[in-house]
Amino acid sequence: GNSVTQMEGPVTLSEEAFLTINCTYTATGYPSLFWYVQYPGEGLQLLLKATKADDKGSNKGFEATYRKETTSFHLEKGSVQVSDSAVYFCALRGWGTDKLIFGTGTRLQVFP
Amino acid sequence: NAGVTQTPKFRVLKTGQSMTLLCAQDMNHEYMYWYRQDPGMGLRLIHYSVGEGTTAKGEVPDGYNVSRLKKQNFLLGLESAAPSQTSVYFCASSPTQTGPGELFFGEGSRLTVL
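For the protein sequence lines, the chains are A and B, in the order given.
The first sequence runs contiguously to residue 112 in my numbering.
The second sequence runs contiguously to residue 226 in my numbering.
Treat the hints with caution; some may be incorrect.
[To be verified] When the alpha-carbon atoms are kept at most 20 Å apart in a straight line, the in silico EDC-like pairs for lysine to aspartate or glutamate are as follows: (1) A:Lys99 x B:Glu171; (2) A:Lys77 x A:Asp54; (3) A:Lys99 x B:Asp174; (4) B:Lys169 x A:Asp54; (5) A:Lys99 x B:Glu164; (6) A:Lys60 x A:Glu16; (7) B:Lys169 x B:Glu142; (8) A:Lys99 x B:Glu191.
[Claimed, not checked] Derived contacts from chain B toward chain A, CB cut-off under 8 Å, selection only: (9) Phe122; (10) Val162; (11) Glu164.
Simulated from the structure, these hints should not be mistaken for lab results.
Each residue gets a CB set at the ideal place from its N, CA and C atoms; glycine is no exception.
Chain B with its partners taken away, still in its complex shape (with noise of 0.2 Å):
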């Protein structure tokens, strides 16, 4: 079973660069989250998706853009990369629309910026 899964798993960018980070579920979820996570300060979420061809602003999403074309894909980019964009990045899916849903996490991805 894939579950959640995050590529790449690491990259080193140049500021000012750009890049995408590709998440992938086969778990047929409607919902989709992009957080980051910094020392100090727990996950924060960046955007989030109800269902295909949704996207909302979570909690940092300044400096990132996402696009849900196909369900089963959440795509976050970043069009001009910042050393505070430094971070480790994690995908998340959940079956459920509200109420006591269970979030389904990916690897992560490493992301630095020089």
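Chain A on its own, in the form it takes in the complex (with noise of 0.2 Å):
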């Protein structure tokens, strides 16, 4: 069945590091793959999506690459802030499906 892998947090960078979190996923045929952050005491939303190979989604300087050769997706942003202190969760959507399957989430703490 289609899954997805996320490293396990929490991460913990100074303000202005980069950032990677690591996504991979199993699946048949061609998902669409998304990353979505929650805020403290809030739900999730939407943070980026890619539905197709070599796509690149981005949005508010978080970036992440469909890599069908690798199946990954991995969250990048290159100077992060105290306010992206989060938790991240990488999802995916099967081809013809329904339901969205999230991984496990990863916390991420800035600090100043």
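Dock chain to chain to rebuild the complex, using the hints, since each chain is given by itself in its own frame.
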């Protein structure tokens, strides 16, 4: 079946550091891939998405590239801010299906 | 814009009690979902609905029931609560049937079962 694997957290960084959160997936066909972010006390919200191989999703300085050859969708940001502290979820929507499958989430803590 | 609204936001139950969580969306979305979030396990799908009057089981449906009598509402019921159902519950909705649809989430409902 379809699944998503994320690196375990927490990830602790200083402000302006480079961020990478790894995400790999298992799926048949051509899934769509997503990154969601959950700020403290809030629900999840979509951060970025990619729908086909080699697509790059980007938003708020975050980027992720859909790599079919390595079945990966790693999240990156060149310079993190304290306000980026949150839990980040990688997710997959299988081709022709109705449901999103989420990874376990990675907590990011950014200190000034 | 209200978006997706969940009630109640907090609830404490005793084992064996019943309760209903209400999810309401004002975006005219067809699809609605109930997830639970537990530490170290991410979000797991409980039940979902692809339209008014329909429901389907997700990954962890046991101990829960749902109803979608109106397009804008999706109810999650616990008939006999158990401590294992202590969790944060999230409702979400989606406008699209398949393909790269975005889910819109509520703020969550924290349930504690003693």
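**Asked** Hint numbers the structure violates, sorted upward?
**Response** 4, 8, 9 and 11
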